[in-house]
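Asker: Based on the sequences and whatever the hints tell you, model everything.
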Amino acid sequence: MDAKTVGWVRCRRESGVTRRSGGEISTRLLHPPVAVAARLLTDLEVVGREHVPESGPVILVPNHVSLLDPPIVILAAHRYTRFLALDELFGRNRTFDAATKHFGTIPMSRVYPPLSAMKTSLEHLRAGGALAIFPEGRRVAYWGESTSKRGAAWLGIATGAPLVPIVIEGTEGTLSLAHPRVRRVSIRVTIREAIEPDAFVSCVAPTLAIMGAWERSVSEILGERNSPQP
1 MDAKTVGWVR CRRESGVTRR SGGEISTRLL HPPVAVAARL LTDLEVVGRE
51 HVPESGPVIL VPNHVSLLDP PIVILAAHRY TRFLALDELF GRNRTFDAAT
101 KHFGTIPMSR VYPPLSAMKT SLEHLRAGGA LAIFPEGRRV AYWGESTSKR
151 GAAWLGIATG APLVPIVIEG TEGTLSLAHP RVRRVSIRVT IREAIEPDAF
201 VSCVAPTLAI MGAWERSVSE ILGERNSPQP
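Residue numbers are given in the numbering used here: position 92 of the sequence shown equals residue 92, and the series is strictly consecutive.
No wet-lab data here; the hints were simulated from the structure. Keep in mind that this is a model prediction, so the values were computed, not measured. Not one of these hints is a red herring.
Calculated cross-link-like contacts (lysine to any residue; reagent style SDA-like; alpha-carbon spacing at most 20 Å):
#	residue 1	residue 2
1	Lys149	Pro114
2	Lys119	Ser21
3	Lys101	Leu75
4	Lys119	Trp154
5	Lys101	Thr120
Answerer: So this is what it looks like as structure tokens:
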């Protein structure tokens, strides 16, 4: 077991969560070979990893243009992370369904109030876990195409978990709407300073204010919203 994996085990114990799921164990075991594969298949650069706490609840909040984004987030954060995903992604492929379930993906309805998904997310965060949410709700063609959803902000206010913006550049060139096939790309991941939800609770619309802070953080890297990226 390498030093990073030992650190994961230690942080998990310190967070007060002792029961480890199969998905968490698999993530630890697969992280080294997947990291090697990522270096071979992409030019991956990660900046700001220190903004992801090693233990305790945290909500990772990335932009989303490619199917490659979830594993890139896990590699960049180097921490077992459960993802919220729309339930419409499930039921098409048994292998995909089994894999996402194994790794702890939380299905969320777009049509009905996602009460079960929110309950599971709250429990995971209150147990000291890491959760990832794509506020754009789906893959987009460019930054600013979609209005940001407020679920991440609501969970942050409910649990006190910080929201960590993660800006992914380069994955628009592979497994994206514009480029659906696998291609070698250069990827840069910038992990930004955490947004503390407690700083917004006195706002008239705290969830809107929090997501506005997230959008500004991402825009500092990707540029202003509502314009296609070159």
